[in-house]
Amino acid sequence: MSDSSERFTLFVIILNQPDLLDDVLTGFLDIGVQGATVLESRGMGQIIRQEMPIFAGLAGMFGENTGSRMIFSVMPEGLAESVFKLVDEVAQQVNSPGAAVCFTLPVDQFRLPKR
Amino acid sequence: MKLSEHIRPDLVWVLDTPGSRDALLRELSGRVSGAVTSIDAEALYKSLLEREAKGPTATPEGVALPHAMMTGTEENFIAVALVRGGCEFQSPRVKKIDLVFMLVGPQDKAWQHIRVLARLARICHDPTGLERLRAADSGEDLFKRLLEEDARHV
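Protein sequences appear in the order of chains S and H. Take 1 as the starting number for the first sequence in my numbering and just add one per residue. Take 1 as the starting number for the second sequence in my numbering and just add one per residue.
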């Protein structure tokens, strides 16, 4: 996959509009991201709305929330900027602030199992 | 992945002969073979039909993305056709398609094949972009518009 000097980053996307998942993953393939892990998740607002009646009167503060997806991908650092641009492009489709939140974390070591 | 690396002007057409899916794939296979002489038209046609048999490549946006991995080419390339009047594509979910992106590539470049397909899927998912492509009045014009749409995406 790479030489040992190549630097990697963990790219994390919190996708608050699950409908956009196909577009993100299609974009990953296009850009050259070779793999990702996707988890179904719930945001704080959704949990507060559904499970914490004490805050029911303030539920409107948190907006509608239909669940989210967490996308994790370790990738060469050089791809990260393209992925940020991709997420911007995809999120613009729905014109909703917070549709996708993303960040990167440095990866100290990355090894694939030997075949 | 940029489409510009995989399209060429002599493989982009505007057609006025809708016909059936099979007739369209046969015609496009022949045209591709005419331009890329190492490709066998009949082998390409059969390979495309085999892929379609696994599930139609037509999308709800009225686009078809037939694709084949085969011998006769060392690189992935795309042939594009705008079919005036549209064409049924034997898909239960899609009545007619009028834009065809045919992707042909070698078997040892499957990852690149997937990436080109993903690029096409992104471009074809933009309804405004598809409108601009459908407004093309010639193959040359369609080729130019494709490059413009390609440039609109990361």
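In short, the hints are calculated from the structure, not lab data. These figures come from a predicted structure and were not determined experimentally. Note that beta-carbon positions come from the ideal geometry of N, C-alpha and C, so glycine has one too. A few of these clues could be false.
Facing chain H, a subset of chain S residues (Cβ under 7 Å, in silico) [stated by the list, open to error]:
(1) 26
(2) 29
(3) 77
(4) 79
(5) 81
(6) 85
(7) 92
The following label-pair restraints were derived from C-beta to C-beta distances [as the list claims (entries may be wrong)]:
(8) H/8 - S/37: 48 to 56 Å
(9) S/5 - H/55: 53 to 61 Å
(10) H/34 - S/70: 47 to 55 Å
(11) H/41 - S/37: 55 to 63 Å
Hints versus structure:
{"no.": "1", "hint": "26", "result": "holds, 5 Å"}
{"no.": "2", "hint": "29", "result": "holds, 4 Å"}
{"no.": "3", "hint": "77", "result": "violated, 17 Å"}
{"no.": "4", "hint": "79", "result": "violated, 11 Å"}
{"no.": "5", "hint": "81", "result": "violated, 9 Å"}
{"no.": "6", "hint": "85", "result": "holds, 4 Å"}
{"no.": "7", "hint": "92", "result": "violated, 11 Å"}
{"no.": "8", "hint": "H/8 - S/37: 48 to 56 Å", "result": "violated, 38 Å"}
{"no.": "9", "hint": "S/5 - H/55: 53 to 61 Å", "result": "violated, 42 Å"}
{"no.": "10", "hint": "H/34 - S/70: 47 to 55 Å", "result": "holds, 49 Å"}
{"no.": "11", "hint": "H/41 - S/37: 55 to 63 Å", "result": "violated, 43 Å"}
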